[in-house]
Structures are given as C-alpha cells and as structure tokens.
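Start from the sequences, fold in the hints, and give me the full structure.
Position 161 of the sequence shown, counting from 1, maps to 161 under the UniProt record's numbering, and the rest follow consecutively.
Calculated from the structure, these hints are not laboratory results. Only true hints are included.
Taking lysine-lysine and the DSS-like style, the derived pairs with C-alpha atoms no more than 27 Å apart in a straight line are:
| # | residue 1 | residue 2 |
| --- | --- | --- |
| 1 | K194 | K111 |
| 2 | K73 | K194 |
| 3 | K154 | K114 |
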Amino acid sequence: MTISLADHIYNGLRKKLIHGEFMPGTLLSENELAAEFGMSRTPVRTALSRLETEGYVVSLKNRGILVKEVSGKEILDMFEVIVSFQIYTAEIVTQRESGFDVAELEEELRKQQKATEAGDYAAYLEHTHQFTSIYLSAANNQSMLTIMDSFKDKLTMAAIVNYKRTPHQKHFSASRMNEELMEAIKAGDYDRLKQRVLQGFAALRERAFREGRF
1 MTISLADHIY
11 NGLRKKLIHG
21 EFMPGTLLSE
31 NELAAEFGMS
41 RTPVRTALSR
51 LETEGYVVSL
61 KNRGILVKEV
71 SGKEILDMFE
81 VIVSFQIYTA
91 EIVTQRESGF
101 DVAELEEELR
111 KQQKATEAGD
121 YAAYLEHTHQ
131 FTSIYLSAAN
141 NQSMLTIMDS
151 FKDKLTMAAI
161 VNYKRTPHQK
171 HFSASRMNEE
181 LMEAIKAGDY
191 DRLKQRVLQG
201 FAALRERAFR
211 EGRF
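What follows is the structure, encoded as structure tokens:
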C-alpha cells in the first residue's frame, strides 16, 4: 500500500516530537516544514492537524504551530493506570496460580540493563516499556495491553524531554525497580511484588512534585 504524502510527513514529525527533536515550546512553521520535506503546505497542514488532534501540538493564530508539553498530571494519570494494571496482574496470577513468563522478563531486563550501561536512553525506554508489557501479558487481557501501548509515545516523549532538560540528574531508575520486581516474581512473593510497584509509583509522584511539574 502506497503511503500518502500527509502520512509520510505525519510519521516523520511524530517521530521527531516523540524523540525530543522538537522540544515543547518550539514554534513550527508550515512553510519551513514544507521546505524541509520538499512538499507543498497542504500535506504538511494535514499532518499537523492530525498531530494537534492527538495532543502533540496546538495551532496559534498568526503565530505558527506550538509543540505542547505532556503535563505532569497527564503523566501521573497514565502511570496510575499502569500501576493499577500491574497490581491487578499480580492478583490474577495469584488467583489462577498461573505465573509470569520469567524467561522473557529476564531477557527484556537484560536488554534494559545493557542500554542503561551504554547510556542509551531511547533503548532503555523501549525495553522498559517491553518489560512492563510482558509483565501485564500474564493477566491474559488484550485490552490492558492495548491501553498500555496507547500510552507509550506520550510517556517516551515526556521522558526524553525531561532527560534532555536535566542531563545531570539521575535517570535510568526503572532498571533497578524492574530488578526488584524480578526478584519478587522469581521468589513467588506477590505481596512484595505489589508493594514494590506501589513504592515505585509513590517515588514517581514525589519526584514529579519536587521538580515542579504541577
């Protein structure tokens, strides 16, 4: 299937937004983007309209297109849903006496740790997401995984923007947390697993307030 010009521009712009190449507060110009992609303004305008609908940008009359910030409230709302899924999954696994895919979780954790050691933040975020998705798959609930995937790009954008703004602060904290989750899973201690999930969310909230994201 042939991709349309608008889709091509949309995919390119979305990738740049998610990976912090256009930081929040940046004003984009239809004319400049059209020149960059070597196309007319019409497909650029269509792509930007789609991105505005998704909440990545907002059109300002007579000024241009403003790259939006993912708010602290939106970030915590998404993580609150993810944490509730993680707690539910631990409870379902206990009730069904089924279990987690330890081999897949360990493999994803190994990749996450490797990215952490290499300082590859984008890869670290990808493997963090995959680890959580594999964890949630133990509940055998496709709707949960679909919702989790719908959060991925906004959370990635927020994390990379924060990483670029605060290069001297400690990052990559999910690696240690996932190590602790793995320890609890392998021990079959699901009460400790749930406790650690909640502790991780509490730490995230505290950090968000400390950094003034509200």
